[in-house]
Every structure is written in C-alpha cells, then in structure tokens.
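Asker: Quick mapping for you: the protein sequence lines, in order, are chains A and B. Residue 114 in this note's numbering sits at position 101 of the first sequence, with consecutive numbering throughout. Residue 591 in this note's numbering sits at position 422 of the second sequence, with consecutive numbering throughout.
Source of the hints: derived by calculation from the structure; they are not laboratory data. Since we're looking at a predicted model, the values are computed, not measured. Mixed in with the good hints, there may be bad ones.
According to the in silico footprint, chain A covers these stretches of chain B (three or more CB under 8 angstroms from chain A) [as the list claims (entries may be wrong)]: (1) 212-218; (2) 350-361; (3) 388-394; (4) 562-569; (5) 583-592; (6) 694-707.
Each residue gets a CB set at the ideal place from its N, CA and C atoms; glycine is no exception.
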Amino acid sequence: MAKHDESRRAFLVRAAVGAGAAAGAGLVPEAYAQKSETRREADAATSAPLHSAGDGHGAFFNHDDAMTIEAFAERLMPGAPDKPGARDAGVLNYIDLALAGAYAELQDFYRRGLAQLDTFCRKNYNEPFRQLGAARQDEVIAALEEGKATGFTWPTAQAFFSIVRTHTMEGLFADPIYGGNKDFAGWRLVGFPGAQTFFSPTDMQSRQVFTRAPITGLQAQAKDPSRR
Amino acid sequence: MATEKTDVVIVGVGAAGGILAAELGKAGMKVVGLERGPRLTTADFTTHDELRYFQRQELRPNAKRQPVTWRPDANSLASPLPILNYGNQAGGGTVHYGTLSWRFHEDDFRARSRTVERYGASVIPADSSLTDWPLTYADLEPFYDRAEYELGVSGKAGNVQGRKIDGGNVFEAPRRRDYPLPALLADQSGVLFEAGARKLGYHPFSSPRAILSHPYQDRPSCSYCGFCQAFGCHIGAKSSILVTKLPEADATGNFKLVTGAMCYRVNSDNSGRATGVSYYGADGSDNTIEAELVILAPFIYDNTRLLLLSKTSKFPNGLANSSGQVGKHLMAHITARVFAAFDDRFVNVYMGPSAQKHSLDDFNADNFDHSGLAFIRGGQVSVGPADLEAGPIGAAMSMNPPPGIPRWGAAYRDFLAKYFTRYAAIVAQTENLPYADQTIDLDPDVRDQWGMPAPRLTYNWQRPNELARIEFMFQKLEGIGHAMGASRVWRSPMGPGSPGAHHEGGTRMGSDPKTSVVNRYGQTWDIPNLFVIGSSTNPTMSGFNPTLTIQALAYMSADALVNRYKKNPGPLV
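Just chain B, same shape as in the assembly:
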C-alpha cells in the first residue's frame, strides 16, 4: 500500500474537477487528481465510428462492470440500467457531450419563490421538495462569463446587461457581454426550425455550444462533420476539459493525474476532519492519499456512494450526512420528442454539431404563464437528429416510424430510405421537480467490479406535474413541426419511469445545515475540508443542460478556495 501526501486530492477530473485542478494548481497548491478511466487525446478520436461510440458506448462506463441499478419505487426490486449516460475518462462527460452550454435563468435559482409569488404555494405538488438555491444568478454571473471565455463557447447573446437582442435567446438572464465566439452555422433543420418557430411567434436561436465557430486559443474551428454527441472531437474543436483545462493544469507543474484510479473511501479522523482518500490503482494496488483538502467531483452517483461508504463511528450515517439528506432529491430530464418528415426538401440532419442544434426558450422555466395549467416549470425545446447523434444506427434504433408503418419489412425500409435524409426530431427537455423520495443509495445485492455496492436509484418521473407538462410539450412540438412545413409529424413514445439524461441531486446545496449537505461553495456543512462540486449539489435542475452551470460553480468554488479558504481554512459561509 502506497501513501502519498498532497495539498488537495480531487476525485474525478471532469467538468468540475478539471477546472478545480487547473485553478488550484495555478494558486500554488499541490493537486492530485484521481480518474477512474484513461486519459485520451485528440488523436484517439481520429475515426468516427457510430457502432463503437454511440451504439456500444465506448466513452461511457461499462454498465455491467460498473452497474447502476434502478427501481421505480421502494417496494420494487432494482435492476441494472442498460446504458449509463456519463463519462468514464479524464475530461469526464465533456469528452463525449453534445456541448450545450447554458446559463440557468434567474428564476431557476429561485424556483420556489418565483412560483409562490406568481401562482401561490398551492400549485407546488405537495410531495415536491422544490426550493431556492443558496445563491442567485447574479452571484454566479461572473463565473459563467469566465467559463464561456476560458473554455470557448459559441452563441449569440439575447440579453446583454438588460438589452434584449433579437436572434439571441431573449429569455436568457442578463449577461455582461456577448459570447466569446459567434454562433455556429445553422444546418437545414435549424433553418426550418427558425422559420417555423418565428411563424408561431416564438423566439428561436442558435443553441450556445462549447464548440469553436472560429479558431480560438490555438484550437481550430469546427468542421461541421456532425460527430459530436457520443464522440470525441477529432480536431479538438469541442471545448472539452481534455483540451482546455487539463493542459492548463499540467502547465502549473503542481498537478498530477492518476488514471485508472478507483476511489473507494474518503478517510476522516476522530476530530471530524477529512484526512484524504483511499483508491485502487490500475495495477490492483491499494493506495492512500493524505490531503489537507478533499474534493469530490465524480458523476453524481459516486458522491452519494462515497459519502455513505466512508462512514465511521463518528459519522455513522456516512460522511457529511448529519442532515440525513445525502442521496435525496434525485432529478433527471424528461424528454418529449416528435419526428417531422419533409417531402419537399432534404434536411440532411447528420451535418453539423449534432445535439440540440437550434432552440427556443419560450416554454422553459417560468418564461410563460402557467395560470390554468396543471403543472409548473418548463423545458427547453430544440431541433436535431433522432438521438442527439445523427448516424443511421441511431435513426434505426431511436426513430419510431409514423403510425401505420411497422418497425421492419419493406414499408419500414422504404420509410428509412426516403426519410433518413428528410427528417428532423423536435425535442422538449423538461425540468424534473425535486422529490425527496427520488433517491440514490447503496444496492444491497449488486456490486461492481471492485466489490463496491452499486449505486441504486429509486425514481419514477411519472408524477402528475411531470406528466401534464409532457403532454403540453408534445402539443407545442407538434405545432412547431407543422409550422416547419413537415408533411407528417408524429410522437415518439415515452419510456418507462427510469431516469433520462443529466442526473442531478443527491448532495443538495442550501443555506441551512439541517436541510442540505453542502453550502453554496460545495463545502460540506459537517466537514469543512471536504467539498462536493458538481450537479449533485443542484437543489433544482432547470430545463437546461447542466454542464456550464457545473463549470461556473467550479470556478466559483475555486475562487473561494484560493482567495479565502487557503488563507484561513474553515467554514466559508
């Protein structure tokens, strides 16, 4: 067993961990980053192979060796999820993600207050733990700005310091300045979506994405090859942590990345301090790192799992769990999707960045009046291919044919042959309200390849608020499809109640140690030198993809650690 000493250990070097590694390293702190998977390079992504990366999920965790189980309710048996939707290498999910880079709305940070102010408390489902964040959009704005400029995000502003700009997202919260890079080019599906949405009086715009529309920071601009979601970028135009923050961290001379390292415990002493972590090395070794500061930044399940597995006699319910809140309020986006087929043109939706290409925000958050509706909050609406990537396997697996056409046989063949190049999917990615009984805990039966209990999700999105909103969105999506000029628009069936994309929650942030796990900086209330940073701390989720918010929170935490905590270690609030 090897023991190593350092200032900081970061578990998981992805969207949040990569930023912290670079920023703390620059401040002179010695940082060790533990990464479960390998560190790949741009050259590893030379070949774009839909079977390997989309269908067989090579950049995701292996669902059999690293199982995550799911059950719809506490009375059911959990079984392993067939597909895991997060990263498994240095850079984490930013290696394969679709790069959507949103700032949350002002009201996303105060979802409860906003709802009560506008509609009264009675519209909030009784079983929902809807709440406000312990910070405002204005608190996070400087760090959103930093993330956009340091990483490289392309988009068109819709609200600069309160001035609304047509063509950008006019519903966005005010930003201090425009994006560092202009919007990416629209493909034909974007052109159609833009025209159709305007016809209906909506406010479409090019989705902000962490893909370079022009050369930036010695990286080339996007070639529009279309292999984004599920794939690594073969030219490094995707602003993944792999090509942005990890080189910065390396350059500090203070950062060491250990790949193939599976952290299995956070160590703590009787004084209530975290002393470091233990991990299994790629060579099977059992190792310990002693650190002054422990930062957990893996995908959300492993925060809960590590905190629960690290229990001691001093912390019998797991670390940082005096509130009993660890593992609660699991949320995931719920997606309504329709397909639109065009007879008067080709759409060629496989061209250009593949995920959520063009958007409208008219039905997100509280951007529209919910009076008289049977639900609160909303979703982000966008156009793209069947399953965020645009190859034919994805279309064959994820695009159900319209009613009347079977899923196989000559009629299906003719449908696919004609419409693979003449379709677009229109999607509403809707916000899951938090519910305390949607949880992550340790599976009593299933273990992973290291012998650790699998994370077990107890979750079912099919609740009245969410179901009513999905039906509302379906009708909006159908309207958009027809306004785009589609000859036929049809719905994709909703799946079972299992969690969809962008799982969030489990180590909720708040302003009260009795009802939350961490403070606004991700610092655990119970152990001041133990931090959890990432979307597991989101108290509510918004209809937007979480990555830019994870990154902004990481910048904010890094700022607090460098400028305040480093001089005077202790509680930050």
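If we strip away everything but chain A, and leave its shape as in the complex, we get:
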C-alpha cells in the first residue's frame, strides 16, 4: 500500500501542475494565438506532462482488474480516428484514483463486480472479459445492462454496468485534474470548451461551432485573475 500511496501522491503532484498544460496542446492553433497574455502565462506555468510513464493504474486496481476495466470502458466509449475514446482519455487512470480516494467506499463494489464478471465470462466464453474479442465484450456488456447476465448477486449486473458507465463518463468528461480526460480528450470529442471566462452576445446567438481556444481547465481558471 505504501508504494501505491507514494505513486499516487507523485501522480497527484504531477496532475496538479500539469492539468492546465493540455490547454496549450495546440488544439486550434490560430485561435489559440489570440489568447490573452494572462492566459498564456497561466499555461506556461503549468507545462509539465499530465501522465507519467505509469500505466494508468496502481492506486487501487491490480493488473488484471485494470485491464478488465480499461477494456470495459473502451467498449462503452470506443476510440476511433479523430474520436478520442476511453483509453485515449485515461478513463482507467481516473477510476483507479477515484477508488483510492473519493469513491473508496465502492472498492468492494468493484472487487465483487469484477469477480462476478470474471466468473460469468469464464463460464460462458471460457475466457476472462479482458481477453474476449470486441464483439463478445459487447455481448457481455449488453447482458449486464439488460440484467440477463447470470450469477450476479451483489452488485447486480445492472448496478455494476450502471456504475462503470457513470465512472467512464466521469473519467472522459471531468476536468483533467482528476486524472482522466487526458489532453481534454473527452471535451474535444464533444466540442466542449470547458469553463470559459465569458461568452459574448455573438457567441451566444451563433449557429456555428464554437472554436475560441483554449479549452479552459481548472488550473487555468485558478490562475486567471479575471475570475477573482
């Protein structure tokens, strides 16, 4: 556990200094150039990488469970060219950190849910979930969602599906400071610009896509004097 705590602390320090950096990742270069000196300064101060060489888990999940959750989340929100998915966003990293912190009370929920999922898959497909092909994984997830997967007591199959879905969406769309939404992958997927300081009357009534950059995350907000 000591090792986990240590690596988690190291991660959090990196995340804290790094979350704002992705805003400067050159998503929309021409618009990005228009940003204020203040914002530029805020971004410059936070240019460390968000994710270290770590494999996105270790605060809670063991390796097998991590691979299961990563595969599960990726089937829920699969990546494709120009469409970042759960893996691109570091959803596993988010859930792993959340279960070691804010959602620690759900540790047993996940342990038991994952054990039941494993039993179900081995019984019906002779392999654990993480080793099934995508189509099989989708079959399993559908069976969970519909409550048709057998052998689940607590959590129920539907409850397990529902929590993993919720946490996948959080990992995709929560501010990067929580360890997911890497490089604003989730926000780029749907076109959300984060917490902008303001929207102008023109922005408000525009029928066009909003492109003013950068996407604004928590670190940039905290450093922006116009927000005080």
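Following the hints, put chain B in place on chain A, whose structure we already have.
Answerer: Same frame as chain A, now just chain B:
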C-alpha cells in the same frame, strides 16, 4: 454547554432566513442565525468543476451523513434518497440555484376557488387537499416588488398594472413596474424556442432570473459562462443571499451568524411559549440560545422534523401540531422532458445562464382551458440543457439517446460527439396537487450523523391527475421541439414516483387553526413567538420555482414582525 440570550434566533440562513436576518437586524433586533454548513465567499467559486459541484453535489447536503428517506406508500420500507436537492451552507439553495425568480399567478393563490368557479368541484381529485392560500396575490405584490429590486432580478415585464406587454410573460399577474434589470441575453436555444413557440401561437419570453444583466448594487453583470445551476457564481452576478442580504445583515451590527450549527430542538415552557433552541456546534458542543422569538427557516424537511422532535408534555404531538397537520401535504414538481436534436446548426446550449433559459406560460396554472381534459392545473415550459447545467457529464448522465441508439458503444459516442453542441432539452415543470397522505415524518430506523431520526417522505406523484397532465405536456413539448426545427425529438423516460425538485409543504399556512399549522405570516397558531417561514408553508405549489415567493413571504413576515409584532408581541391575525 453554553447559553446565550438574544432577541431572535433564526434556524437556517437561506432564501428566507437571510432576508429576515437583515430586516430584523435593521429594526434593532439582536439576531443570531444558525447555519448547518459553512459560509462560503465568491472567491470560493473561482473554479467551475462539473464533477465536484454537479456530479458530486458539493453544495448540497451529504446524502449519507444527512439522509432523507423515501417510500412510495405507507406499506413500503423507506430507503435513503441518493441525491438531496437543497442547500447546505449560508445562503442555502440560493448559492447553487438556477435563479428562476417567478411571481406566482393570481390563481395560484386561490387554486381551489378558481377550479370550482370554472369547472365545478367534481374535477378536483377526491383525495386532493387542494385549497386557497390565506392571502392573495395583491397582498404579496409589494413584497415581490421589494424582493426583485433589493436582490436584483432580470426580466421583461408582461403585465404592468394590467397593461399586457408583448415579449414579456403576458400571463403573469399585474406588477406595479418593470423588473429592475432588463432580460438576460438569449442563447441559440432561446432564439430557437422563441421562434418555434411563436410559430405555434404561444407567448415565449426570457425567464426572469436573479442574475444581473447589468451591473447593480456594486455587483458586476453576468459573463454568460454558463455555470449557474449546481455552482456558485465566480463573480457574484448571481443574486444569492450570500452576496445580497448577508452583507446587509452584517452591516446592521445586530446579526451574528453561527456556522456548523445543527439545531436539534426548539425549547418551550409550560406556559406554551417558545424559549429558544438547542444546537450542536461545529466543535461538538451542545449549546442553548434563549430568544424572545424563534424563526424556523431551514429546508422544508427540518421544519417538520424539528417540530416533531421538540414535543413536550404540554405539546405531546410536537410543537405547533394541535391540528395534526404537521408533516402533511408534501408536494414536489414533476418534470416532463424531451430532447431536440438539430442538424442544420449548432446550439451550444452550454453558453449563458443554464437553467430554464427561455419560457412559455401558456400551459401553466389555469392559463388554458382544461375543459374536457383529465386533469387540473399546469406547468411552466422552458428550454435549456439536459439537467439544468450544461456540462458534458450532465449530458452523458441525463440525456437518454433517441430510440434506436444504445447508451454506450460507437453509435452512442457518435451521437454524443455530434449532438452535445446541437441539442436542447424542453421541459415542463408541473404542479403537484397537495394530497394529505403525501407526508414527512420521522424515520424509525435511519438516523443522521447527529443521531437524529432522518426525515422520511411518503410520496408518490403517480396519481391520475398528475399522470394525465404529464402526457398532455409531453405532446406539447414534442410540438415545440418540431416547431423549433429539430430533426429529431424524443422523450426522456419518467422516473419512479419519488419527489423531484422544489419540495414544498409540511407546515401548511391557512386561515383556520384547525386545518393549518401557521397563519399567513408563518406564525404558528399554537405558539405565537414561533414562526416557520419558507416553502414548507405553501398550501399549493404552482408550476413555478418557489424561491421568489419564499423571499416575498419572508419580506412580508419581516414587515409584520417589525411594524406590528415588535410593539405588541402576540397573534398577528
């Protein structure tokens, strides 16, 4: 145990308590306000974090440590509600609310009489306790005006002294003058809603909101960042009690706020007077305040809970409960919602104040003819994001995809990727009739972190009148979505029978001590120096959000306390 003496103690310093603290303090009364949570400042809201404030509900009570339980009927076991929809800090719900600031309609104050006059008594469901208020709109109008001007509400009038004004809410009750601030800017969803509703012959308008459209009272105007509902305002443009009445109360020199203070009992003596309250301090201390006047103004559950927990041999059924009405007539808004997707434009619904942005009132109250319909009363219709706040977590959690698209997988990803910036939700917030068997009492099994019994709600909105009205509203909402030019419109499923937003009732006001708990001033019939002020006293609820009415009632009570009660303490009616 510390004992302190004061003129007035107010339990809960939110929408009502904050106004009373300021007004009574100005009149020279020494006021102590007890607040369960902290006192935050505008600087605390610098970062807008959807996970923290929307998804994890940081500005709400913790549902595990401060549980509220619910059961659909008296024969079922109650279980804790997963989310509590009210405030947990100084300023109460006004810190995180969407700021909708409505005046109730004239007929909202006389829902029973109006219904009987127009349709006959037989249309009122036999089990409903539908009634009239012990006051009229005209009685409250001066205090609505004061609330709008003192707090800062933006909107466009639709009825000034009987003169109807196009572009405002032409169904609103007559007001003496326009709003203090012009309407907030419409976003693209508002523009579409406005055009679509007009095409159908309805009367859309910019929703009145306690957000500054221009600088006012040394506060800046809204920056349209979109983080309103569930969030504190980072510039103080939201007219919360935190930035309006609490500074006024401080300035009187007569107000002391105690944060982290959990009131657990109203004390009374054998003469039938309230003598003060007892509370647990943030440091674990057990404290007593002796006061000439006790005002309860927490969220509705705690009024019932405190009155029941404070029973004595003189008041064996709880304080102020000689009528047996304490805890009855619980109401909550029931919401029908459709989603509209647009292929010809971006909507960017995350821009601008997030909740109930643009409205129409054509199907609220008795603004339309219910003849031949299977229900009475109505709902307020508005456009906005999926769940009153507009971030992507909210959309992912609260917007069901249209039929044919699953909730996950590549098709879902593509749906969200395309339509997060191209959707709007259209919502009908409908009025729950009062029913005496919708109740709040003390849970026999579940206790909160202080060891107090949890409030237990017995409630099920799925009654014939409400179900028929929801179906009617769904059809109207679908029509509006299509008129807005949506390529696809689909319904959001209705939840279980649990209570939705804006819980009201439990300490009903009335004109008869036998059938109500308090009079029009919130003064309890049984104990003249004990007041309950807030939406727990609403005898009926209207389709409108309750906050401005809570605030107007607080101003009216403060006025009566300062100008009448202070000179001659005793029954006010």
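Asker: If a hint holds in the structure, say so; if it doesn't, say that too.
Answerer: To see whether the hints hold, each was checked on the structure:
1. Remark: the segment 212-218 of chain B is confirmed as covered by chain A, as 5 of its residues place a Cβ nearer than 8 angstroms to a Cβ of that chain, reaching the required three.
2. By the rule of at least three residues with a Cβ nearer than 8 angstroms to a Cβ of chain A, the coverage given for the segment 350-361 of chain B holds, with 5 such residues.
3. Under a criterion of three residues with beta carbons nearer than 8 angstroms to beta carbons of chain A, the stated coverage of the segment 388-394 of chain B is upheld, 3 such residues being counted.
4. Figure legend: the segment 562-569 of chain B, annotated as covered by chain A; annotation consistent (4 residues with Cβ-Cβ distances under 8 angstroms, at least 3 required).
5. As drawn, the segment 583-592 of chain B meets chain A at 5 residues by the rule of a beta-carbon pair under 8 angstroms; at three or more, the given contact holds.
6. Coverage of the segment 694-707 of chain B by chain A is violated in this model, with 0 residues showing a Cβ closer than 8 angstroms to a Cβ of that chain against a need of three.
In summary, the structure is inconsistent with hint 6 from the numbered list given earlier, while agreeing with all the others.
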